[in-house]
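Take these sequences, add in the hints, and give me the full structure.
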Amino acid sequence: TPCVINILGTWSSADTADVSVSGCTTSATNYLVFRCIGEAKHDGTFNGPGYTLNGEFYCNESHVRTYDIRIRNTSNERVWFFRNLVATDAYIVQERCMGALLVGSSGYDCFDIYQTLTATYIARNCIAYSSVAGNGDGWNINDIDVTATLENCTSIVNTGTAFYGYSTSTVSGTNLLAYAPSGTPFGGIDSMTTCSSNSSVQFVNAAGLDFHLANADTIARAAGTNLSGSFTDDIDGDTRTAPWSIGADQ
Numbered sequence: 032t033p034c035v036i037n038i039l040g041t042w043s044s045a046d047t048a049d050v051s052v053s054g055c056t057t058s059a060t061n062y063l064v065f066r067c068i069g070e071a072k073h074d075g076t077f078n079g080p081g082y083t084l085n086g087e088f089y090c091n092e093s094h095v096r097t098y099d100i101r102i103r104n105t106s107n108e109r110v111w112f113f114r115n116l117v118a119t120d121a122y123i124v125q126e127r128c129m130g131a132l133l134v135g136s137s138g139y140d141c142f143d144i145y146q147t148l149t150a151t152y153i154a155r156n157c158i159a160y161s162s163v164a165g166n167g168d169g170w171n172i173n174d175i176d177v178t179a180t181l182e183n184c185t186s187i188v189n190t191g192t193a194f195y196g197y198s199t200s201t202v203s204g205t206n207l208l209a210y211a212p213s214g215t216p217f218g219g220i221d222s223m224t225t226c227s228s229n230s231s232v233q234f235v236n237a238a239g240l241d242f243h244l245a246n247a248d249t250i251a252r253a254a255g256t257n258l259s260g261s262f263t264d265d266i267d268g269d270t271r272t273a274p275w276s277i278g279a280d281q
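Everything in the sequence shown is counted per the numbering used here, starting at 32 for the first residue and increasing by one.
Calculated from the structure, these hints are not laboratory results. Keep in mind that the hints are not guaranteed to be accurate.
Claimed, not checked - If you anchor each label on the Cβ, the simulated ranges turn out as follows:
1. Pro80 / Thr149: 35 to 43 Å
2. Thr105 / Thr224: 30 to 38 Å
3. Asn37 / Pro212: 35 to 43 Å
4. Val35 / Gly218: 31 to 39 Å
5. Ser43 / Ala118: 37 to 45 Å
Ideal Cβ placement from N, Cα and C applies to all residues, glycine included.
Listed below in structure tokens is the structure:
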């Protein structure tokens, strides 16, 4: 039976307390769920209405799922940080989550899977944004023996790597959108299907941290692979229609 933590209601300001998840006994059937529901859900942008955590989500539990949560970190620390997942069947799922690294130093990332043993990590319809210099990666599948599946995620970085996989991990990506004109779009990704690193992609308002695809975009829109056998929505929870787009937004 999962333990479900719901974030709900209206939020006029950001939540500024770091979140640390540890000391629980989890398993493949008794896992933790963190999710925003109702008015607390984000609108697919980093500055829009809904719940925002201005801090770090630090987790060293092995069975966790997160849905519809937005983090804008203006502290010198990571954004989403999963570390020391010691169970041999560790299983982490993130869907429609957002992570922005707005202040930091080299070595801090938006989505960081670090120092685990055997683990499965799945991310779908998520958005990473890093404005910092140095590494400042979007996704960093960082250590040991992680099997990661990244699908329809968007990563925008300054000088870091949009999607990075460590040499001993196995990382596959489908419909990934990397925007890294001064950085590296992909590093160490073992297999990629219909992924794009074309910096000509057009967003609705990149300066305002709205990374929905512009109507005029011809790079990512309608250029992806149909994954409706696994999921059918996008970052906003809207139903995707064929042909699928690359990235988190349909």
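Okay, the hints, checked on the actual structure:
About 39 Å separates the C-beta atoms of Pro80 and Thr149, a value consistent with the hinted range of 35 to 43 Å. A C-beta distance of roughly 35 Å is found between Thr105 and Thr224, which places it inside the suggested range of 30 to 38 Å. Between Asn37 and Pro212 the Cβ separation comes to about 39 Å, which falls inside the hinted range of 35 to 43 Å. For Val35 and Gly218, the Cβ-Cβ distance of about 35 Å falls inside the hinted range of 31 to 39 Å, so the restraint holds.
Hint check: Ser43 to Ala118, Cβ distance near 39 Å, so the stated range 37 to 45 Å holds.
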